[in-house]
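*Asks:* Letter by letter, the chains look like this.
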Amino acid sequence: MSFCPATYASVTLPTVEPTAHALNTFLASVERRAYRMAQIALRHEEDALDAVQDAMLQLARRYARRPSEEWRPIFYRILQNRIRDLQRRRAVRSRVLAFLPWGGEGEDDSDPVERAPDPAPGPAAEVEGGEIGVALQRAVSLLPARQREAFLLRNLEGLDVAETAAAMGCSEGSVKTHYSRAVHALREQLGEFMS
Amino acid sequence: MSNEQQQTPFERRAGELLRDSADSLDAATRSRLTQARHAALDGVSSRPAWLDFRVLAPGGAVAAAAVVAVLMWTGPMQRPAGETGAFDDIELLADADAYEISQETDLDFIEWAAAMGEQDVAGT
Numbered sequence: 001m002s003f004c005p006a007t008y009a010s011v012t013l014p015t016v017e018p019t020a021h022a023l024n025t026f027l028a029s030v031e032r033r034a035y036r037m038a039q040i041a042l043r044h045e046e047d048a049l050d051a052v053q054d055a056m057l058q059l060a061r062r063y064a065r066r067p068s069e070e071w072r073p074i075f076y077r078i079l080q081n082r083i084r085d086l087q088r089r090r091a092v093r094s095r096v097l098a099f100l101p102w103g104g105e106g107e108d109d110s111d112p113v114e115r116a117p118d119p120a121p122g123p124a125a126e127v128e129g130g131e132i133g134v135a136l137q138r139a140v141s142l143l144p145a146r147q148r149e150a151f152l153l154r155n156l157e158g159l160d161v162a163e164t165a166a167a168m169g170c171s172e173g174s175v176k177t178h179y180s181r182a183v184h185a186l187r188e189q190l191g192e193f194m195s
Numbered sequence: 196m197s198n199e200q201q202q203t204p205f206e207r208r209a210g211e212l213l214r215d216s217a218d219s220l221d222a223a224t225r226s227r228l229t230q231a232r233h234a235a236l237d238g239v240s241s242r243p244a245w246l247d248f249r250v251l252a253p254g255g256a257v258a259a260a261a262v263v264a265v266l267m268w269t270g271p272m273q274r275p276a277g278e279t280g281a282f283d284d285i286e287l288l289a290d291a292d293a294y295e296i297s298q299e300t301d302l303d304f305i306e307w308a309a310a311m312g313e314q315d316v317a318g319t
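Sequences listed follow chains F and W, in order. Residues in the first sequence are numbered consecutively from 1, following my numbering. Residues in the second sequence are numbered consecutively from 196, following my numbering.
Isolated chain W (complex conformation) (with noise of 0.2 Å):
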């Protein structure tokens, strides 16, 4: 005790005491309270509980489970006509013919084509 200088002699012997009794508890009593501190000690992981794979495993399938059924309900996504979205971009990137086009210095030509397609669209 920090204050044990300002105990009496009474509490000093007291305290003796029970701590001699601590010391010598059996060995059966002893044996069972290093279990129960194994025990105890095994429940003490090295990661939060709720980043346990054992744990985070069934809510993942659940949860992947659950976008497959919705995807399935709701079936293939439509898109409003005129709408561009990032798979047009992706495809645009991807399509050598455009990437040339892209690069094509020769402007008039590429108005010209532009200006032939308005009026083919304007003719029907």
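Looking at chain F on its own, in the form it has when it is part of the complex (with noise of 0.2 Å):
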């Protein structure tokens, strides 16, 4: 049998694995701005860090031999659901709470830190103190869930409208629509103390 070169170039070798460096630079790139998402939407610093090392934990086991370009969106996608989920359960141990004799007073499926009050001095009074950043973020975490995801994964992490639509699950079409929502409301409250 004569030995052909030629049948064994042509088997194709398995794709060059994405490696740990490119992911680790990938991650360090999103982290911090990824945290600081997740804590408006949390206002928790805790839940917020949980959420964050969970979607770098399910990026790096499940999507890391995806191409690095699609990286970002899957990330965010990873990181949107844990948040969802974490407010999902502090709503259920608010209402397990409520059938408890000291639980709380009434049934109410919101999350209950978004219920709490806010000892906030109100945007004028921290603009004042030259705390607009913090007004804003603020603001921004007062928004309805999706008009404040579209809001921060455009703004914050400067997705364009399909990544954006890819990371929140939803059409181009309804990105737009929570993001100028989420412009509006925010320009409403803020927009004489940021011009």
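Any given hint could turn out to be false.
As the list claims (entries may be wrong) - A few chain W residues that face chain F, going by a derived Cβ cut-off under 7 Å, partial list only: (1) A217; (2) L220; (3) R227; (4) R232; (5) L266.
Please keep in mind that the hints were generated in silico from the structure rather than gathered at the bench. Since we're looking at a predicted model, the values are computed, not measured. Just so it is clear, CB atoms sit at the ideal spot from N, CA and C, and this is done for glycine as well.
Got two chains here, each in a separate frame; can you build the complex from them with the hints?
*Replies:* Below, the structure is given as structure tokens:
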């Protein structure tokens, strides 16, 4: 039998695996903004760290072999899902507590953190104290969830409409609607301080 | 953002403030994020998890034990009379005498020997 090098040359080798270095570089480039996004949504630093860490783990374990240009929308999709999970758990916890004698006073499915009274002095006072950034974060955290996601993914992370739609799991039209409403609401609250 | 030129001054300012807040995280939070990243990267292996020796070894051991158990349960293989198998072929090839016979050119002698054998069988 004659040896035919061409036969062996045509064998497709496995694709080059993404290196841990590339993934490390990607995660390092997004981790701070991801944390801030989670912290604004959850208004809880430990929960925000948990959400970011879970998103990192999921990306590394399940999607590291995907093309690196897909990592960013996938990572933020995972992160948004994790944030919603944590908010749901809070809601369930509050419902369970409501049944207990020492529990809450009434049934409310919303996130108890969101229902908590806001001790902030308000945008005007914060702006006077040079804390316009804090006022903005607080205003964003009070937006409806989908509007908050669209605003942060586009304005904080810098995703375009298509990437934001992929990260949110909705259509580009929905992204535009949520984003537009978010900007409108924020401008009403803070526009005069941020011009 | 790719369409930053289309943003209003309010949107641009909001984006700057949010990114500044992300860049100015305290050292403790940055450290914990770094630890979280390293922990996540520890889960990335250079090959699929199912190819990991630590995963394959127990499965291989169980499979080998199952094969041994089946062989012990069924006992030595019994072949029906008259049926030849691969082992017979190997024995024939390995047998030096058989090789010589197969190379024998005196076919008349072989036919005579075969006929004598058949007569012996018929006679008994």
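*Asks:* Which of the numbered hints are not met once you compare them with the structure shown?
*Replies:* Structure breaks hint 5 only.
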